[in-house]
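So the sequence lines, in the order shown, correspond to chains A and B. In terms of my numbering, the first sequence has 268 at position 268, counting the first letter as 1, and numbering is strictly consecutive. Counting from 1 along the second sequence, just add 393 to a position and that's the residue number in my numbering.
Watch out, some of these pointers could steer you wrong.
To be verified - With a Cα cut of at most 25 Å, we get these calculated DMTMM-like pairs of lysine to aspartate or glutamate:
| hint | chain 1 | residue 1 | chain 2 | residue 2 |
| --- | --- | --- | --- | --- |
| 1 | B | LYS682 | B | ASP654 |
| 2 | B | LYS536 | A | GLU228 |
| 3 | B | LYS505 | B | ASP674 |
| 4 | A | LYS242 | B | ASP575 |
| 5 | A | LYS225 | B | ASP526 |
| 6 | A | LYS2 | B | GLU512 |
| 7 | A | LYS225 | B | GLU512 |
| 8 | B | LYS472 | A | GLU244 |
| 9 | A | LYS91 | A | GLU137 |
| 10 | B | LYS450 | A | GLU228 |
| 11 | B | LYS423 | B | ASP525 |
| 12 | A | LYS242 | B | ASP646 |
| 13 | A | LYS242 | B | ASP654 |
| 14 | A | LYS225 | B | GLU529 |
| 15 | B | LYS508 | A | GLU137 |
| 16 | B | LYS536 | B | ASP575 |
| 17 | B | LYS536 | A | ASP17 |
Said to hold, decoys possible - Some, not all, of what chain A presents toward chain B, calculated at C-beta under 7 Å:
| hint | residue |
| --- | --- |
| 18 | MET11 |
| 19 | MET15 |
| 20 | ARG16 |
| 21 | ARG87 |
| 22 | ARG103 |
| 23 | GLY230 |
| 24 | VAL236 |
| 25 | THR237 |
| 26 | ALA238 |
To be clear, the hints were calculated from the coordinates, so they are not data collected in a lab. From a predicted model like this one, the values you see are computed outputs, not experimental measurements. Quick reminder that beta carbons are idealized off the backbone N, C-alpha and C, glycines included.
One letter stands for each residue in the lines below.
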Amino acid sequence: MKLHIIAANDMLISMRDRNATIFMFLLPMVLISVAGLALGGEFEQNIRIDVLVVNLDNREISEEFVEFLEEIDILDVDMESNEFAARDRVKKQEYGILIIIPRDFTESIMKGQDCELMIITDPTEKDQNTVVEQIAEGYASRVSASVVAIKTVAAYGVPVYDEDRISEIVETANQFAEPPPVQVTTENTATTPSKSSPFTQYVPGFAVMFVFFTTIGTGSVSLLKEQESGTLRRLVTAPISKAEILGGKITSTFFRGFVQLTILMIFGHVAFDLYLGSDMVALTLLIATIVLASTGLGLLVAVLVTTREQAESISTMLILTMSAIGGSWWPLFIEPPFMQDLAHVTITAWAMDGFYALLYFDLGLAGILKEVQVLLLMTAIFFGAAIARFRLE
Amino acid sequence: MTDDTIVVVEDLVKRYNGFAAVDGVSFDIKRGEIFGLLGPNGAGKSTIISILCCLLKATSGRVVIDGFDIGRNANNIKKIIGVVPQEISLYHTLTARENLRFYGRIYGLSGKTLKNRIEALLEMVGLTDRADDLLEGYSGGMKRRINIAVALLHNPRILFLDEPSTGVDPQSRKRIYDTIQDLNRQGTTVLLTTHQMEDAEKLCHRIAIVDKGKLIALDTLERLLELVGESDIIQVMAKEIPPASVESIRQIDEVQKVSMDGGIMTIQLVRGRESLAGIVDRLISGGTKVESISIKEPDLETLFLHLTGTKLRR
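Please put together the full structure from these sequences, using the hints given.
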């Protein structure tokens, strides 16, 4: 395989371009700093979500869940004891979201039985609903790990009516689990609540936009540059396959985009104390899928156009449009519902949803699975279409 | 295909949306030969060489290079051919050495073998002292020399050169000729396309003349020139050439062809020097304001005009 030779050469060429390096790193750092410092107050005022909770269970696990919600900065949690009254308040639009914890919530979990958290939402508050749903799903997935552990033990004939015995089983299961699901939940809510700041929006927002200039902008132009300078023709006459040439270009673009996004996130952390979440594997996976999807889009642009000028103008238009509607410049949830729906055809919106899940709500891998799946689907579509259209003649 | 034949092209056709850029071309190239494809721009030379270099797929026909059929063994062919494209196909923000290293690795060279080969080629093209300079600081001729060096990294058995001396100053052109002849002496077969008569006359053992996608003549320079016979070419430059003047020139017995291109009249005739005085008389008496007259011995230009009725550099 000669893919690595193409990739290494491509990276050497891009490293020689000092202006491109400044554009990749320095410019986004300056913009992040200016936007974060100048628009921070406005941003902070906007993020408040009122949540009404009915706890019909009032036992250990449900109370723990309420505490978990109260710890989250952007949520204002109010309690209501009467379920019907609570539903009525949502109908009257006093609250956008109602979470009902069922009567047997704690007992069901302790016995390893299925249980259901009910979320009732006001359809006009779609943005807030998504945020709260993600929080609840993240919590539920951790609790589910305990249920699975108990069910597994029960399946092997161990009696589960003894609560002390159950606690012991769960604790033992947690020791074997990596990462330990229940223990992680408890520690997160108690000691590491998510620390939101204006930079939680602006660092990933601008970083994603500037990564697109690398993966979609420079990425699409790179192939056309080779075509126009004749180096691509020369490569085609050499003993190297079309797949190796394309693979090398893709690898190089992906690598540059990945390094750029990672460095910009680290810059946010070091310079502005940006909280990166507790799950670095999830953050790395999210970064990788964002870069991969946008690299695919860049390749598709390259094969759909015929000149470098066309690639430059189309990719710039794509990047700016995606950044504007997808939530790079302002939080997605301040956009009207139809724009939020529209935004989710873009890579940016899914990328920002993923960053919110990790940086605001610290939901870990479970909280970004949907985003990662959608980004991978986009990757497959973009690469599939680009490879089908790629012609060397 | 005999042992001394390295390239066989049979009834090659390449069509684009019904237009035949190459239309039933057949020829073969002997091992160790410098073979020229001569023709004006748009004649189909670059399309032929692109098919032979595995860049384009032919619509029909057969190409065999060193025993490998191009339709089935393109990858084997790519290992034994060296290609010098018409444009400078190099990375201008890299140094000459970096360019050579990159392409050498693509051809599977590495370590000491690659290092030694790079040094030898830099020496051959006379650019050892500039090897670590970025190519963007090179002159056109220097870039063209590196362009050739890249094609030689893997010691190809056959070298394809597409218009090797286009846009090159006389000094670099001479160096390129010397390089091609040196390589040929070492056993490399060379196929070059050109629309420059000088390239074909100075370098080629055999020349194929191509026009409008068809091969119209193929032989050594000497035998091709015999086709023209004793013909000379007289070129008349004038501000105005009345049609009556042209017609009166055509009436002269020795005149074979008369063509007009703007203010230039090209006359193909036998015994040109003897007829010159009569031609001038007729032009002046016909109202032509003659600015200059030149007479040329038979050459490839004459031959091309003889075969096609048009000029080579049109």
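How the hints compare with the structure:
1. B:LYS682 / B:ASP654: Since the Cα atoms of LYS682 of chain B and ASP654 of chain B sit roughly 16 Å apart, the hinted pair holds (cutoff 25 Å).
2. B:LYS536 / A:GLU228: holds, 17 Å
3. B:LYS505 / B:ASP674: Violated, because 73 Å separates the two Cα atoms, which is more than 25 Å.
4. A:LYS242 / B:ASP575: Violated, at about 34 Å.
5. A:LYS225 / B:ASP526: holds, 22 Å
6. A:LYS2 / B:GLU512: holds, 23 Å
7. A:LYS225 / B:GLU512: With Cα atoms ~29 Å apart, LYS225 of chain A and GLU512 of chain B exceed 25 Å; violated.
8. B:LYS472 / A:GLU244: holds, 16 Å
9. A:LYS91 / A:GLU137: At roughly 23 Å apart (the allowed maximum being 25 Å), GLU137 of chain A and LYS91 of chain A satisfy the hint.
10. B:LYS450 / A:GLU228: Since the Cα atoms of LYS450 of chain B and GLU228 of chain A sit roughly 20 Å apart, the hinted pair holds (cutoff 25 Å).
11. B:LYS423 / B:ASP525: violated, 38 Å
12. A:LYS242 / B:ASP646: violated, 61 Å
13. A:LYS242 / B:ASP654: violated, 46 Å
14. A:LYS225 / B:GLU529: Holds - the C-alpha atoms of GLU529 of chain B and LYS225 of chain A are around 15 Å apart, at most 25 Å.
15. B:LYS508 / A:GLU137: violated, 59 Å
16. B:LYS536 / B:ASP575: With Cα atoms ~19 Å apart, LYS536 of chain B and ASP575 of chain B stay inside 25 Å; holds.
17. B:LYS536 / A:ASP17: holds, 20 Å
18. MET11: Interface hint status for MET11 of chain A: violated (12 Å vs cutoff 7 Å).
19. MET15: Violated, about 10 Å.
20. ARG16: holds, 5 Å
21. ARG87: violated, 66 Å
22. ARG103: It is violated, given that the least Cβ distance between ARG103 of chain A and chain B is near 70 Å, above 7 Å.
23. GLY230: Check passed: Cβ of GLY230 of chain A comes within 4 Å of chain B, closer than 7 Å.
24. VAL236: holds, 6 Å
25. THR237: holds, 4 Å
26. ALA238: Holds - the Cβ of ALA238 of chain A comes within 7 Å of chain B, reaching about 5 Å at its closest.
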